[in-house]
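Novice: Next come the chains, spelled out residue by residue.
There are 4 protein chains.
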Amino acid sequence: MIVAMSKDATAEEIQKVVAKIGEQGLRPIEMPGGDRVAIGVASAIPAELRQPLSEILEIMPGVDHVAQVSRAYKLASREFHPADTVVDIHGAKIGGNRVAIIAGPCAIESREQMLEAAEKVKEAGAALLRGGAFKPRTSPYAFQGLGEEGLRILRETSDLTGLPGVTEVMDHHDMPLVCRYADVIQIGARNMQNYPLLTAAGNADRPVLLKRGPSATIDEWLLAAEYILCQGNERVILCERGVHPLDRAYTRYTLDVSAVPVVKSISHLPIIVDPSHASGNWKYVAALCRAAIAAGADGLLVEVHPDPLSAQCDSQQQLKPVNFAAMVTEVRGLANALGRSL
Amino acid sequence: MIVAMSKDATAEEIQKVVAKIGEQGLRPIEMPGGDRVAIGVASAIPAELRQPLSEILEIMPGVDHVAQVSRAYKLASREFHPADTVVDIHGAKIGGNRVAIIAGPCAIESREQMLEAAEKVKEAGAALLRGGAFKPRTSPYAFQGLGEEGLRILRETSDLTGLPGVTEVMDHHDMPLVCRYADVIQIGARNMQNYPLLTAAGNADRPVLLKRGPSATIDEWLLAAEYILCQGNERVILCERGVHPLDRAYTRYTLDVSAVPVVKSISHLPIIVDPSHASGNWKYVAALCRAAIAAGADGLLVEVHPDPLSAQCDSQQQLKPVNFAAMVTEVRGLANALGRSL
Amino acid sequence: MIVAMSKDATAEEIQKVVAKIGEQGLRPIEMPGGDRVAIGVASAIPAELRQPLSEILEIMPGVDHVAQVSRAYKLASREFHPADTVVDIHGAKIGGNRVAIIAGPCAIESREQMLEAAEKVKEAGAALLRGGAFKPRTSPYAFQGLGEEGLRILRETSDLTGLPGVTEVMDHHDMPLVCRYADVIQIGARNMQNYPLLTAAGNADRPVLLKRGPSATIDEWLLAAEYILCQGNERVILCERGVHPLDRAYTRYTLDVSAVPVVKSISHLPIIVDPSHASGNWKYVAALCRAAIAAGADGLLVEVHPDPLSAQCDSQQQLKPVNFAAMVTEVRGLANALGRSL
Amino acid sequence: MIVAMSKDATAEEIQKVVAKIGEQGLRPIEMPGGDRVAIGVASAIPAELRQPLSEILEIMPGVDHVAQVSRAYKLASREFHPADTVVDIHGAKIGGNRVAIIAGPCAIESREQMLEAAEKVKEAGAALLRGGAFKPRTSPYAFQGLGEEGLRILRETSDLTGLPGVTEVMDHHDMPLVCRYADVIQIGARNMQNYPLLTAAGNADRPVLLKRGPSATIDEWLLAAEYILCQGNERVILCERGVHPLDRAYTRYTLDVSAVPVVKSISHLPIIVDPSHASGNWKYVAALCRAAIAAGADGLLVEVHPDPLSAQCDSQQQLKPVNFAAMVTEVRGLANALGRSL
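Line order of the protein sequences matches chains A, B, C and D.
Residues 1426 to 1767, numbered by my numbering, are exactly what the first sequence covers, in order.
Residues 1426 to 1767, numbered by my numbering, are exactly what the second sequence covers, in order.
Residues 1426 to 1767, numbered by my numbering, are exactly what the third sequence covers, in order.
Residues 1426 to 1767, numbered by my numbering, are exactly what the fourth sequence covers, in order.
If you are wondering where the hints come from, they were derived from the structure by calculation, not from laboratory data.
Be a bit skeptical, because a hint or two may be false.
Identical copies carry no separate label here, and so any pair may be met within one copy or between two of them.
Pairs of lysine-lysine, BS3-like flavour, derived with a Cα cap of 27 Å [said to hold, decoys possible]:
id	residue 1	residue 2
1	K1445	K1432
2	K1689	K1518
3	K1745	K1708
4	K1547	K1441
5	K1745	K1689
6	K1518	K1745
7	K1499	K1708
8	K1445	K1708
9	K1518	K1545
10	K1689	K1445
11	K1432	K1689
12	K1547	K1745
All chains, full assembly: derive it from the sequences and hints.
Specialist: Below you can see the structure in the form of structure tokens.
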């Protein structure tokens, strides 16, 4: 932490900042500069002290601003955990050399729909199955999902096809229920900072797929992961799904493909990409799948529906099985060209 | 709803779109244009059909894009409810000619702190008291609030000073608990699309202060309000608290002051402004309070702490009581100049 | 400047950074911390060295990142020029206690239109006249302005009414031409980083109204001002006109009203607000004018047209004279309540 | 164009809108809906009428809002020009099956530097050479380029290596000078809406590489291309270089990789990607190059410097030749896997 004093800060103001840092058991270092004095903190700052100390220093007289030198997250950081984390879900691995594809419909609508979807995506190369039983919808008038009946269908379909099932939980009180049926718990973008839910996920005996909120910075996202990790659940999979768009005319969000190499460089957690929600348009999904894998993503989360025209939600962004299969073939080619497999 | 066909759509593709609209019991109108045909829907579209129909039409062959003509929200719309809603909280009114100020510390830290804060803000002109017992924090290592002990202090302070208490609820299972102690339920920005929480708030016997999410469009915000309204709770107060910033160097968020006149023109719900979170810096709070009231806001939500330097969170954005009082005096002058009172 | 080393930087890597700083004639200070070493620069860094040094240090082995402690602008900074700059344009002052209103049509269309506009805005209280002769238009098919004929009309109208004229220059080779006719040179938002134009404005014998680019940070904006100031032209007026919008559904841009108190605190230059372009909708202009002045802006730039329905551009955002007059009355009331005049 | 009337618009207000459309020689169609009436325009709207008509209708009494059905650009649209445009620069083609790489230093610094850079990038597989002689810099104190001396070095290097040269022009009066030396004219992101410059480029006898402005929507970008195309210059190459970032902590901009498939679907113009400026960090450049080509980009624009540590600008984002060569090898593998060549 560096405290930049104002150009006209008095010697007394500087001494008060030095003293305040010392009071916390930290070691201050004065750095006389050209225009101004800066004061550095030359000790490890305990995590719980970091934010309040910064805020307090910021409002002391004579202080211009405070700059952070260290990252706010620890457990999610590669500095403290150099090796890649690989999450193993009954043999389906996310995080290693193999590209993992999670596919399935936006919402679970019926036993028949799920089974057809699961068989088609498995045949094409998917390693896990997705399907929503609890659907977060922008409008209260939209279809909200089948609830527990949907979870039951997911479990049955997983068992029949051997694809582990991924589904979203929106309410931490549903966590035990969802864990009974699902193999991976998904935290949706709208809930990235729903702290009771993150804490419950941290205590659940299931891997957690954590989507990035559409206006979350990468640090905020890794701090959300930290909420899960610090409860003892180390099986966190990050999922980039598009950030707030500059231009809503053609895509629903903007896929932040740079997040893939950035996260890979600063964190050990696996990162996958959801191009269905990022684009909101099936026409662009295959191109974004290719881009994600080329950028180094560990996998994909793709919406596939046996018949998008009859879907109860997100018709526009769900791939037909035939288009999904064509995309997987392309992605496999890219993965092989990069020395990976699928 | 208008379906714009591609320039090279065939007659058959056009007829299929016309037929699909007809199947829903809606009336299609063909509009031959210069470059392309457009097909309008000349009937009221039921709320639950709106989104899925739009998505399905969008992926039909020959369709270029679908444009919405009507708004997605109904109960929050001024078109269906022309008169301003005024929320009355034990005599403190939000939404009328009088400017309402809600003030108090970020977090409830102790009985003494709350009582001092409440007395100071009441003396200066606040009509309601705020204070957080459950604190949503970006970092898991930060202070998370006193919980029920904090709620008890809030209730006691409200009773002693006569200022109705406003506090955030983060978990819908805490709703009965929070309603036992608080006069107004706050839904925080991070939870604007936490649908179980919105639904619970819609069923609570308390007015609800609904903060705008930092990347929420105005329509998404009004749809979040619709979640509460459609459960039968008509006492919703909107709160603009800053949107995702273009520039984080000087303020934490960007106060979207235009949202005030926009919301006033399209919705009947009262709207207040929270300049403390919008700026994240106490130095700019007074200027933003003045701007909000000048733009027509119904009130303010302001963080005030007896001693910001000792605060357990948000030290940087909490006003000292003396600065709060000076701000209220200015705002009162502005309100009077505009024919309002405070 | 602070160089944060990686947690696992070697002693040799640290010494190379120390040496590199020393080579530039600057004084490095090592700060051993908890997790990592940081190295500060304890000398004034010459302006031309700042950016390249930062970039070079950033890529040296063992370096995690480089943080800036000082601002990049000097001449625009209040630290080096504590007193407010007041720009005097033939007696109309921008930057002092009096609120200055610049008003007039988007584009100069005819002698009659300008004269009527000028008389109406003068009567209502405007101190300067605006009108575009060279119009930057998003579409090449849109009306591009009257050019020199428009400038002549502006000059004549200014002379007849006594209102100094403000007009945009888009091409630095037009600078002498525009200076012949106009009293204030405007640099538009799209040209905020058009460096030949900024340099020409810095050499012109006219005050310069510099609009903020819609995606410019405040530092980038002040650096654009620095381009003008460093040529010796000290008469720069900043103009906030809306930043890239989160939501285009209701307004064209998002007025960043916080920029007013932020700029006031870090710079001595006067700042005015253009709510016409910020909102793109005349209905919201009056509310934003009030907000801007309440926030402390030195003035307003408002589009007014005698008959918006017949205007050749921006019909939607131009006020009718009667609405302009009503707005000025309200703003005068606010200004008076804040101890200012208009 | 569709005019949505307010729910409570009167019959007279509706008739006035109908009449106003008729006055322009266009055919109005009334569409009675559930909540409101909409009025469509069933004729091709002349390009120059489009914007003003929309603005005028928007402010007529009883009008709620106006929605556009057609795109604003014509010449850049694939609807009017279905076949892909391929730009041929002395045999180097941009837009066809072969991936084209443009590489070279940020700024031309010396004859030796350019020659070494050109030889290295040619050897690795680049088809064109880049280098800046006129540098747009955010700070007036930064290195501004060698000017004509730089152009001369570019020409000489191009001739020696056979790589056509690409360089930026910032001032339309320099257009003849730059065309004398360069094979491709670059319009930088900051100048995307510099209309005198776009018009001059439209009249130049050189292909034009048009960078997207960091806050430009895709429609605004294609309208900027339209400025060039409508002057008769059909050789326009679009270049995505990152949009305004949600998060500046790790990258300078956010690469909008979705723009690649979107532009491919709506326009016939070739599109390349500049990952150097998008990321601002050499570490992420290779990953973004791979993503761009996987998404379908026609080529890359990459900064390469023989010795980034000694570079006069953008040290941080320039690749070393060895890293460039490794990236090209990877991209070639990807291109081959997708049935393309490099």
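Novice: Compare the structure with each hint and give your call.
Specialist: Status of each hint after checking the structure:
no.: 1; hint: K1445 to K1432; in the structure: both (20 Å within a copy, 26 Å between copies)
no.: 2; hint: K1689 to K1518; in the structure: within (17 Å within a copy, 35 Å between copies)
no.: 3; hint: K1745 to K1708; in the structure: within (11 Å within a copy, 37 Å between copies)
no.: 4; hint: K1547 to K1441; in the structure: neither (65 Å within a copy, 33 Å between copies)
no.: 5; hint: K1745 to K1689; in the structure: between (31 Å within a copy, 21 Å between copies)
no.: 6; hint: K1518 to K1745; in the structure: within (25 Å within a copy, 35 Å between copies)
no.: 7; hint: K1499 to K1708; in the structure: between (39 Å within a copy, 22 Å between copies)
no.: 8; hint: K1445 to K1708; in the structure: between (58 Å within a copy, 21 Å between copies)
no.: 9; hint: K1518 to K1545; in the structure: within (20 Å within a copy, 40 Å between copies)
no.: 10; hint: K1689 to K1445; in the structure: neither (37 Å within a copy, 29 Å between copies)
no.: 11; hint: K1432 to K1689; in the structure: between (39 Å within a copy, 17 Å between copies)
no.: 12; hint: K1547 to K1745; in the structure: within (14 Å within a copy, 43 Å between copies)
The structure shown violates the earlier hints numbered 4 and 10.
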